[in-house]
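Protein sequence lines, in the order shown, are assigned to chains U and R.
With the numbering used here, letter number 18 in the first sequence gets 148, and the count goes up by one each step, no holes.
With the numbering used here, letter number 190 in the second sequence gets 320, and the count goes up by one each step, no holes.
Possibly wrong hints are sitting among the right ones.
Since the list can't tell identical chains apart, any single copy or any two copies may satisfy a pair.
Here are the computed lysine to aspartate or glutamate pairs in the DMTMM-like style, where the Cα-Cα straight-line distance is at most 20 angstroms [unchecked claim]:
#1 Lys268 / Glu258
#2 Lys317 / Glu356
#3 Lys324 / Asp297
#4 Lys317 / Asp219
#5 Lys239 / Asp381
#6 Lys317 / Asp345
#7 Lys334 / Asp303
#8 Lys334 / Glu356
#9 Lys378 / Glu419
Note that these hints are calculated values from the structure, not bench results.
Predicted model, so just to flag it, every value in this text is computed and none were measured.
There are 2 protein chains.
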Amino acid sequence: MNEVLIVGSVALDSIETPSGTIDNALGGAATYGSIAASLFAPVHLVGVVGADFPTEHIEFLKNRNIDLAGLQIVEGGDTFRWKGDYISDLNQAVTHETHLGVFEHFEPKLPGNYRDAEFVFLANINPELQLSTLEQVKQPKLVLCDTMNLWINIARDAVKKIFARVDIAVLNDGEAKMLSEEDNVIKAGRSLQKMGPKHVIIKKGEHGALMFSGDEIFASISYPLEQVVDPTGAGDSFAGSLIGYLAKTGDTSIGNLRRAVVYGSVVASSTVQDFSTKSLAALTMEEVERRYQAVQKMSAF
Amino acid sequence: MNEVLIVGSVALDSIETPSGTIDNALGGAATYGSIAASLFAPVHLVGVVGADFPTEHIEFLKNRNIDLAGLQIVEGGDTFRWKGDYISDLNQAVTHETHLGVFEHFEPKLPGNYRDAEFVFLANINPELQLSTLEQVKQPKLVLCDTMNLWINIARDAVKKIFARVDIAVLNDGEAKMLSEEDNVIKAGRSLQKMGPKHVIIKKGEHGALMFSGDEIFASISYPLEQVVDPTGAGDSFAGSLIGYLAKTGDTSIGNLRRAVVYGSVVASSTVQDFSTKSLAALTMEEVERRYQAVQKMSAF
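Just chain U, with the same shape it has in the complex (with noise of 0.2 angstroms):
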């Protein structure tokens, strides 16, 4: 079965949002997107941790048939540490601390398997990171790579570099708006095919995602919640469900990547209902079966 590399951070969130309060829970784009990807396919996880990083973190990912050759444990070194919450607005985090901790001088180094790997997904990382570890990759099949405000804010032209070497950008469509400057999410997509990428994702939450292939659209809708308890890593999870089924059929035609979007967004709301990585990790495959039925049956006419 097809592999999926990842890299990006793997990181200790505090999190407050209307439902509450967590502290120092398992976080970090490559630690979700790894998780949803797992549900499909093996995983190889590329990042950096602390000797900080609790010891059952590293087991529950081991257990889920992620690969951690690639997870460098600094010795000495901290986490990355993350305190952010949604209280005034839950599609939108407001930072209160960043720790960079070892993520300052890390250095992405895939393990020599890794560099087999054909399907890659760069999750969130500075875009420099996402850059090198691309390059070490031999002949990878599909790579998709996503981004935040931050970097687009701060690094602009390292991530249109990164976007014009990439197969899938998955952005919300805050960032897409952002990286475009345009101010209509369509445009925006069309804008932002142009520094590349074979297709643009575009996740708008609550109301679904749009993906750009060419002429094509595909606008998907998203399974309806009726409470959502802490949005941390669902796009980190979008993406990563997305590449795992993609990795695990082997096809990368737009039908299957319609439903790669699918599947990407039914786990996603799972991830959304418990804070941190709880609901989750407790995800089945049944109940994403269940969810992906359902957004059939409520989309069709």
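Put chain R on the given structure of chain U with help from the hints.
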């Protein structure tokens, strides 16, 4: 062919949007609703204007197969005028001026043949007038009701009273949350269902629409637009074309209601592409069908 009875405001609008301004242009919920419905079925309009209402608008509406026997023209009275802008937010009008004019003492009176109407659209207007209109209809087969934030604020009980008597209630997401006092749109839909309508449709602008019917949800996408010129009348033409399509087909099954929602959505997508009723008035059924099929293709997976 089944006719559609529509009651609501007929107005002259002065509007400013990022695309420009227009003064004293044809507007009003019943106007947009009637033009949209007339794409599919003959319309009986119930409303009121003053002697200042331009004859050209009367001629235009008559030429669209819109029966104006129920349009009262008050000598010496002033047509309802609304002035507003969408400068800071294309999804939310800021009202500058409202001149009720002849609306202040309006009492809907249905001409004899109007009372046999089977498809009734209670467009946005004081809910007491919606009720008094409905009471004059002998045996409606399907009643659809729209409202707005103003009535939810100042006449909440009357809005609930009319909602209890209709088959379909249509609101935008902001209004749905306001009336249900729920922050989440899914919870809002569920809560509004309890007020009595068989179906609750929540419009989300560019993000599509949700229809709640018993335990079922239908989630439709919107036809993608690169530019919105003037959002005025989008909701009215959504509802007008929706009920027009139901009247034309005579089929009120849930499957056909889903198709009606998509027709409503594609007609609304045209309305917002120019000021006032310009784009809606120029819309052909060929273009409606083209967009309907485009939405089908864009949402299939």
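Structure-based check of all given hints:
no.: 1; hint: Lys268 / Glu258; result: within (18 angstroms within a copy, 71 angstroms between copies)
no.: 2; hint: Lys317 / Glu356; result: between (31 angstroms within a copy, 5 angstroms between copies)
no.: 3; hint: Lys324 / Asp297; result: within (13 angstroms within a copy, 47 angstroms between copies)
no.: 4; hint: Lys317 / Asp219; result: between (25 angstroms within a copy, 17 angstroms between copies)
no.: 5; hint: Lys239 / Asp381; result: neither (28 angstroms within a copy, 63 angstroms between copies)
no.: 6; hint: Lys317 / Asp345; result: within (12 angstroms within a copy, 36 angstroms between copies)
no.: 7; hint: Lys334 / Asp303; result: both (6 angstroms within a copy, 16 angstroms between copies)
no.: 8; hint: Lys334 / Glu356; result: both (17 angstroms within a copy, 16 angstroms between copies)
no.: 9; hint: Lys378 / Glu419; result: within (15 angstroms within a copy, 38 angstroms between copies)
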